[in-house]
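Asks: For the record, the sequence lines run as chains A and B. If you count the first sequence from 1, position 33 lands on 33 in my numbering, and the numbers rise without skipping. If you count the second sequence from 1, position 378 lands on 378 in my numbering, and the numbers rise without skipping.
Be a bit skeptical, because a hint or two may be false.
Below, a list of computed lysine to aspartate or glutamate pairs in the EDC-like style, where the Cα atoms sit at most 20 Å apart [what the hints assert, rightly or not]:
1) A:Lys46 / A:Glu21
2) B:Lys579 / B:Asp85
3) A:Lys52 / B:Glu620
4) B:Lys69 / B:Glu684
5) A:Lys46 / B:Asp665
6) A:Lys5 / A:Glu21
7) A:Lys52 / B:Glu265
8) A:Lys5 / B:Glu230
9) A:Lys46 / B:Asp89
10) B:Lys69 / B:Asp86
11) B:Lys579 / B:Asp74
12) A:Lys5 / A:Asp17
13) B:Lys634 / B:Glu265
14) A:Lys52 / B:Asp86
15) A:Lys46 / B:Glu230
16) A:Lys52 / B:Asp85
17) A:Lys46 / A:Asp17
18) B:Lys316 / B:Glu40
19) A:Lys52 / A:Glu21
20) A:Lys46 / A:Asp18
21) A:Lys52 / A:Asp18
22) B:Lys579 / B:Asp665
23) B:Lys579 / B:Glu684
24) A:Lys52 / A:Asp17
Partner residues are not named here, just some residues of chain B that face chain A (Cβ under 10 Å, in silico) [claimed, not checked]:
25) Lys69
26) Val72
27) Arg88
28) Val91
29) Thr93
30) His101
31) Ala104
32) Arg221
33) Pro281
34) Trp283
35) Thr294
36) Asp396
37) Ala493
Computed Cβ-Cβ distance ranges for the label pairs, DEER-style [as the list claims (entries may be wrong)]:
38) A:Thr3 / B:Gly39: 44 to 52 Å
39) A:His28 / B:Leu240: 38 to 46 Å
40) B:Val23 / A:His2: 29 to 37 Å
I should point out that these hints are in silico values taken from the structure, not numbers from a laboratory. We put the CB at the ideal spot given by N, CA and C, even for glycine.
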Amino acid sequence: MHTLKRIWACIRQLSGDDAYERYLAHWHIHHAAEGGEPLSRRAFFKAEQERKWNGVRRCC
Amino acid sequence: MPTPADATPRPLTPLGMLIWFVVAITGASAVGGIALHRGESINSLWFIVAAVCVFAIGYRFYSAFIAAKVLVIDPTRATPAERFDDGRDFVPTNKWIVFGHHFAAIAGPGPLIGPTLAAQFGYLPGTLWILIGAVLGGCVQDFVILFHSTRRNGRSLGQMARDELGPIGGIAAMLGVMTIMIILIAVLGLVVVNAMKHSPWATSTVAATIPIAILIGLYMRNLRPGRVLEASLLGLALLLFAVWGGGWVNDQPDLRGWFDYAAPELALMVIAYGFAAAVLPVWLLLAPRDYLSTFMKLGTIIALAVAIVILRPDMKMPALTQFIDGTGPIFGGTLFPFVFITIACGAISGFHALIASGTTPKLLSNERDMRMIGYGGMMMEAFVAIMAMIAACVLDPGVFFAINSPAGIVGTDPATAVATISSWGFPVTVEQMETLAREMGEATLFARTGGAPSLAVGMASIFASAFGAGLLAMWYHFAIMFEALFILTTLDAGTRVARFMLQDMLGNLVPALGRTSWYPGVLLTSALVVLAWGYFLYMGTLDPLGGINSLWPLFGISNQMLAAIALCVATTILVKSGKVRYVWVTAMPLTWLVIITSTAAWQKLFSPEPRIGFIAHANELATRLASGAIPPEKITQTQQLIFNHRLDAVLTMLFLLLTWVLVLDTLRVSRRALGGHIHPPLSETPHEPTRLAEGWVRD
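Bound conformation, chain A alone (with noise of 0.2 Å):
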């Protein structure tokens, strides 16, 4: 069972969907002195998607 969950751990995080999950854990760590509010979820993906496709993402 723990393998399993390990499993689906890691195949969520390949796929990226977790990222959303992981951002906020990171914000709480990182930003949350600063003030303000995470990014919606709806947001994050939004802004992910526009950053992770400005450069060379694929091989031949």
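Here the structure of chain A is known, so what remains is to put chain B in place on it, guided by the hints.
Replies: Just chain B, lined up with the frame of chain A:
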């Protein structure tokens, strides 16, 4: 605290030595078996065993040597991901996750198509080149570039070339990347077009992938933001449904006409699609298509590996064919240098240097992971190339050549084509090809040059035997859809990347054009990029000798040239950091690349044989045009072809020049460095100790 010595693998125990001795003996026997076998057929298990053993030894010993002695990997050093950890670009990530991202980014359609085309020489030359080229060249390139970029805060290859070599190196690298992108997209587009021409099933299935991607894009943005996994699963189900739906369309006499096109028409559609994909927002088409194609790619590669291991099919292609003399029907040119040009991805691919610099280094949590990700990632790609070689060689050679030979070589009518191919000693009949086409749900399989259809036939027969026969047509179109899906992803993404680079360059002249948010600028630069590759694609469909004959070598030369640029940068860095003793590690593959690209480029330019030399071909057509041997309706087309071959010659010249400029610049900087003269200093960032607890807890 860990010390630099931690990166050095422990010395072998007696048991370890015994095990590696057995692996070495097994590998040597398998490679020897493949090389010396001269029978009717050879089992594909030999290839799997040879690849596993060769790669295992290369990884265990050669990559360990490079990590410990040449690069001196330092696990105590904080990586850029740790130092800049911004939660966005720079994120310390688990090594398996980075490996997954890196592999998904480097493995595209290249390693599937190259080996399939190179199978015209027989299975032996391509297989040996993949095994040796990957261990001593491709894996080394990916590994050292990943290392150098990580030590330079994740700088890109172009930036590193500028920093280490000077402005000339930087410009040459940027020009190289730009041109390789254009040629790559054109040739991949041609592969898809040749798979779809006059095939309503393939065309309708591939067309359906566009609305499916858009639907998934909308789902991930509006319905359930960021739910990547469930959206991808939904998309995969729809894609499988589209494969079945294509078969249904093919059976409807009223509908099939809507999806039945000749190659030039399809080329225009792909061009229009490419432009739309480049100017539409990424979330609508590009991003969802990328998710789907990544899942599809990993799934199919794993399924193919499992099927080959279960089935262990016999390879029917001879070890060597008579076409090593340069008369091959798929592309002209002798074994040396053209097998090394044809198989670029899978053995050594310069394009990887773009991923290994810039993207991947920003995710590494410890330098120790680089060996597995850089060296190991490329090894996996070489393994994919070996599987593609197997899938191509399980076909009857006669069938393989019937599918891949362009009509200009074997004739347009089936009876002539099979007679020509049989006369080469590869017997095939019209009935055999008709039955095969019917089984695959196609009207004809003749002259589908490009590798995708023959690979699909090979994969379909392997899949059908391993996972249920009777579904041949479904498996065939699944394989075509799978290849088309990620070729189109490369086409979309490549167009965007080329557009960014063009905007960057033009931005120096007209600042407004450099702004990625100025829409007219986006439209203009996208149109320029699409026109550039669209031109080569369209001309490829008109060429009676099959555009693959001229485009694929151009692509191979440009990709190997990019690898040469990457190795020039790596070699310069080794010299400057006082490791002249180990400079052969990068200088050896670099020398080989310079030899093969220069020879191939020279032959593509000046060979008197029209099927090899661009200039000779243009002159031959010009002579025929002048003597009135060309029918009036073909005159315009012939003039276009003449211009096209001259343009190809100019491009080849450019590649040759760029390679030599870089090599001479490398020699110049190295000499200055060795002689103690002024030279661009090493741009490596200073050592900062890692603070990540993970650094010494794991393993």
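Asks: All hints, please: hold or fail.
Replies: Status of each hint after checking the structure:
About 15 Å separates the Cα atoms of A:Lys46 and A:Glu21, which keeps this hinted pair within 20 Å; it holds. For the suggested pair B:Lys579 and B:Asp85, the alpha carbons sit about 31 Å apart, so the restraint of at most 20 Å is broken. For a cut-off of 20 Å, the pair hint linking A:Lys52 to B:Glu620 is broken: about 48 Å separates their Cα positions. For the proposed pair B:Lys69 and B:Glu684, the alpha carbon gap of about 18 Å is at most 20 Å, so the pair holds.
Note on A:Lys46 and B:Asp665: the hinted pairing is violated, with a Cα-Cα distance of about 43 Å set against a maximum of 20 Å. Our distance criterion of 20 Å between C-alpha atoms is met by A:Lys5 and A:Glu21, whose separation comes to about 16 Å. With a C-alpha separation of about 33 Å, the suggested pairing of A:Lys52 with B:Glu265 is violated against the 20 Å cut-off. Pair hint A:Lys5 plus B:Glu230 holds up; C-alpha atoms about 17 Å apart against a cutoff of 20 Å.
Between A:Lys46 and B:Asp89, the direct Cα distance comes to roughly 15 Å. Compliance with the 20 Å bound is thereby established for this hinted pair. Only pairs whose Cα atoms come within 20 Å are accepted, and B:Lys69 paired with B:Asp86 is rejected, the gap being roughly 32 Å. For the suggested pair B:Lys579 and B:Asp74, the alpha carbons sit about 16 Å apart, so the restraint of at most 20 Å is met. Of the supplied pair hints, the one linking A:Lys5 and A:Asp17 holds, its CA atoms being roughly 15 Å apart against a limit of 20 Å.
With a CA separation close to 17 Å, the supplied pair B:Lys634 and B:Glu265 stays within the 20 Å bound. With a C-alpha separation of about 14 Å, the suggested pairing of A:Lys52 with B:Asp86 holds against the 20 Å cut-off. Our distance criterion of 20 Å between C-alpha atoms is met by A:Lys46 and B:Glu230, whose separation comes to about 18 Å. For the given pair, A:Lys52 sits about 16 Å from B:Asp85 by alpha-carbon distance, which is consistent with the 20 Å threshold.
At most 20 Å may separate the alpha-carbon atoms for a hinted pair to count; A:Lys46 and A:Asp17 meet this at roughly 14 Å. Distance check on the hinted pair: B:Lys316 and B:Glu40 sit about 7 Å apart at the alpha-carbon level, within 20 Å; holds. Restraint check for A:Lys52 and A:Glu21: satisfied, since their Cα atoms lie roughly 17 Å apart, inside the 20 Å limit. Note on A:Lys46 and A:Asp18: the hinted pairing holds, with a Cα-Cα distance of about 15 Å set against a maximum of 20 Å.
Taking the CA atoms of A:Lys52 and A:Asp18, the gap is near 15 Å; set against the 20 Å cutoff, the hint holds. Distance hint between B:Lys579 and B:Asp665 is fulfilled; the C-alpha atoms sit about 19 Å from each other, no more than 20 Å. The hinted pair formed by B:Lys579 and B:Glu684 meets the criterion: a straight-line CA distance of about 15 Å does not exceed 20 Å. Straight-line distance between C-alpha atoms of A:Lys52 and A:Asp17 comes to about 14 Å, which keeps the hinted pair within the 20 Å bound.
Checking B:Lys69 against chain A: minimum C-beta separation of about 29 Å lies over 10 Å; hint violated. A cut of 10 Å between beta carbons decides the hint on B:Val72: the least distance to chain A is about 28 Å, and the hint is violated. Given hint, B:Arg88 at the interface with chain A, holds; its Cβ is 7 Å from that chain's nearest Cβ, closer than 10 Å. Among the interface hints, the one on B:Val91 holds; its C-beta lies about 8 Å from the nearest C-beta in chain A, closer than the 10 Å criterion.
Interface restraint check: B:Thr93 against chain A, minimum CB-CB distance 8 Å, threshold 10 Å, status holds. Among the interface hints, the one on B:His101 holds; its C-beta lies about 7 Å from the nearest C-beta in chain A, closer than the 10 Å criterion. Hint status for B:Ala104 relative to chain A: holds, with the closest Cβ pair at about 8 Å, below 10 Å. Of the supplied interface hints, the one on B:Arg221 holds, with its beta-carbon coming within about 7 Å of a beta-carbon of chain A, less than 10 Å.
Taken as an interface hint, B:Pro281 checks out: its beta carbon lies about 8 Å from the nearest beta carbon of chain A, inside 10 Å. With its C-beta approaching chain A no nearer than about 5 Å, B:Trp283 sits inside the 10 Å limit, and its interface hint holds. Because the smallest distance between the Cβ of B:Thr294 and any Cβ of chain A comes to about 8 Å, under 10 Å, the interface hint for this residue holds. Because the closest C-beta pair between B:Asp396 and chain A is about 29 Å apart, greater than 10 Å, the hint is violated.
Among the interface hints, the one on B:Ala493 holds; its C-beta lies about 4 Å from the nearest C-beta in chain A, closer than the 10 Å criterion. A C-beta distance of roughly 45 Å is found between A:Thr3 and B:Gly39, which places it inside the suggested range of 44 to 52 Å. Separation of A:His28 from B:Leu240 is about 41 Å and conforms to the stated range, judged on CB atoms against 38 to 46 Å. Between B:Val23 and A:His2, the C-beta spacing of about 33 Å keeps the proposed range 29 to 37 Å intact.
In summary, the structure is inconsistent with hints 2, 3, 5, 7, 10, 25, 26, 36 from the numbered list given earlier, while agreeing with the others.
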